[in-house]
Amino acid sequence: GQSLEQPSEVTAVEGAIVQINCTYQTSGFYGLSWYQQHDGGAPTFLSYNALDGLEETGRFSSFLSRSDSYGYLLLQELQMKDSASYFCAVRVSTGANNLFFGTGTRLTVIP
Amino acid sequence: DAGITQSPRHKVTETGTPVTLRCHQTENHRYMYWYRQDPGHGLRLIHYSYGVKDTDKGEVSDGYSVSRSKTEDFLLTLESATSSQTSVYFCAISPSTVSIREQPQHFGDGTRLSIL
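Chains as they are written, first to last, in the numbering used here: chain G, 1 to 111; chain V, 1001 to 1116.
Calculated from the structure, these hints are not laboratory results. Each residue gets a CB set at the ideal place from its N, CA and C atoms; glycine is no exception. Any given hint could be a false lead.
What the hints assert, rightly or not - Pairwise CB distance ranges (calculated):
#1 V:Gly1016 x G:Ile17: 49 to 59 Å
#2 V:Gly1003 x G:Gly28: 24 to 34 Å
#3 V:Thr1017 x G:Val13: 15 to 25 Å
#4 G:Glu56 x V:Gly1003: 46 to 56 Å
#5 G:Asp68 x V:Gly1003: 47 to 57 Å
#6 V:Glu1079 x G:Gly58: 25 to 35 Å
#7 V:Glu1059 x G:Arg106: 18 to 28 Å
#8 V:Glu1079 x G:Met80: 40 to 50 Å
#9 G:Asp39 x V:Glu1059: 48 to 58 Å
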């Protein structure tokens, strides 16, 4: 089976940097994804790591350590619009690109 | 934005009635998925499809069935709805991938289903 752990809530100040951690236990692993979801909205893709290391996309970066079964999402120069839920998800097969999602971290950005 | 439409967007029905949710895509993507989202559980996969008439179960498939008769349509059916199936249902699509790079899943706007 699969399990993912991420903090349920994080609060950070506008303009600051925040890191959201994700640890996983899976029977198959092909990569770690991050999705963002605003209240009442649909999840949207942020980033994907298949190999160890850091992937940077604008203000967002994502890191993976396969040996530690650990990854994180780093958000820099936080803006109020970054207040949302963030989900890590493991890609568990190459067959149908299936994902197994964590329970999500609710990020609140305060002025 | 990926062309993916869910219908209906909201539905209220009674326990024991059948319910069908529709997901329609215009992207010609191979893979389609149905998830449910409940507080404290994140997104849980119900069923997925890897082609026309090719479907398989996800982690929470009990009480649900699916059908895919055309590439663009993926239907989720609750044969006899129960209150425990009150949830927000998301459809997602993804193209096939032959590389290490992920092909991300694109989600529809969701269907809020209430079963009384």
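Glu1059 of chain V and Arg106 of chain G, beta-carbon distance inside 18 to 28 Å? About 22 Å separates the Cβ atoms of Glu1059 of chain V and Arg106 of chain G, which means 18 to 28 Å holds.
Verdict for Thr1017 of chain V, Val13 of chain G (Cβ pair) under range 15 to 25 Å: violated (49 Å)
At the C-beta level, are Asp68 of chain G and Gly1003 of chain V separated by a distance inside 47 to 57 Å? violated (39 Å)
Gly1003 of chain V versus Gly28 of chain G beta-carbon gap, inside 24 to 34 Å or not: Check passed, 30 Å falls within 24 to 34 Å.
Should the hint that Glu1079 of chain V and Met80 of chain G are 40 to 50 Å apart at their CB atoms be regarded as holding? Once the Cβ atoms are compared, 44 Å apart, the range 40 to 50 Å for Met80 of chain G and Glu1079 of chain V holds.
When you take the CB atoms of Glu1079 of chain V and Gly58 of chain G, is the distance between them in 25 to 35 Å? violated (45 Å)
Looking only at beta-carbon atoms, does the pair Asp39 of chain G, Glu1059 of chain V fall within the given range of 48 to 58 Å? About 25 Å separates the Cβ atoms of Asp39 of chain G and Glu1059 of chain V, which means 48 to 58 Å is violated.
Is 49 to 59 Å right for how far apart the beta carbons of Gly1016 of chain V and Ile17 of chain G are? holds (51 Å)
Taking the Cβ atom of Glu56 of chain G and the Cβ atom of Gly1003 of chain V, is their distance within the range 46 to 56 Å? violated (29 Å)
Checked against the numbered hints above, the structure breaks hints 3, 4, 5, 6 and 9 and satisfies the rest.
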